[in-house]
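Q: Sequence:
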Amino acid sequence: MESYEIFKQADELVKQCKTRSAEHIAEELGIWLYREESLGELLGMYTFRWNHRLIFINKSLQGNLRNMVVAHEIGHDQRHRDKAKVGKAFKELTLFDAKDTTEYEANAFASHILLPSDEVYSLAKDGLDIFRMAQVLGVDENLLLIKINEMNRLGYDIKSPMEHDSRFFRKIKR
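Numbered per this note's numbering, the sequence shown spans residues 313 to 486.
Derived by calculation from the structure, the hints in this document are not laboratory data.
Ideal Cβ positions, reconstructed from N, Cα and C, are used throughout, including at glycine.
Treat the hints with care, since some could be wrong.
[Claimed, not checked] For each label pair, taking beta carbons as the anchor points, the in silico distance ranges come out as:
#1 K471 x Y346: 16 to 22 Å
#2 Y468 x E353: 15 to 21 Å
#3 G352 x D430: 38 to 44 Å
#4 P428 x P473: 39 to 45 Å
#5 P428 x K371: 16 to 22 Å
#6 Y316 x E340: 21 to 27 Å
[To be verified] Listed below are the simulated DSS-like cross-link pairs for lysine-lysine, each with C-alpha atoms no more than 30 Å apart in a straight line:
#7 K330 x K471
#8 K437 x K371
#9 K437 x K320
#10 K437 x K471
#11 K371 x K330
#12 K320 x K330
#13 K437 x K330
#14 K320 x K471
#15 K371 x K471
#16 K437 x K327
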């Protein structure tokens, strides 16, 4: 996995679309976004079918969680489209599966879309803990921990104070 390449690709997308809103970015990219009731416990899914890029989002998702799921699926679109052809859709039961490189890359991509590095760095240097930073930034602390880990790989003098929980989405009550 190449941290700089992922950061650069996500950063260029934010600049091109002039927003950090995942849904607006998906729209700008021509990705079709569908809210589905039939997904059950599935949070979201990305696939590439009929020459169309498709994201299916659980209709019950709202606000920041929905934004994180859409950003994650955009990561699959940008990084793994060839792996998402018919029959190989990315199904997200948990978005933060540390054992799967493609999932981690999609998470890192999402963290770069949603979280400006300078803002994360400033909050960390101001002494805010992870939980308060996540609250201020409107993301789950696990996505923030991934962002901090990636910033460290990019050369920032910032260290992740803990590991992210790869199963945290299963604990979310909808």
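Q: Which of the numbered hints above does this structure break?
A: Hints 1, 2, 4, 5, 8, 15 are the ones this structure does not satisfy, whereas the remaining hints hold.
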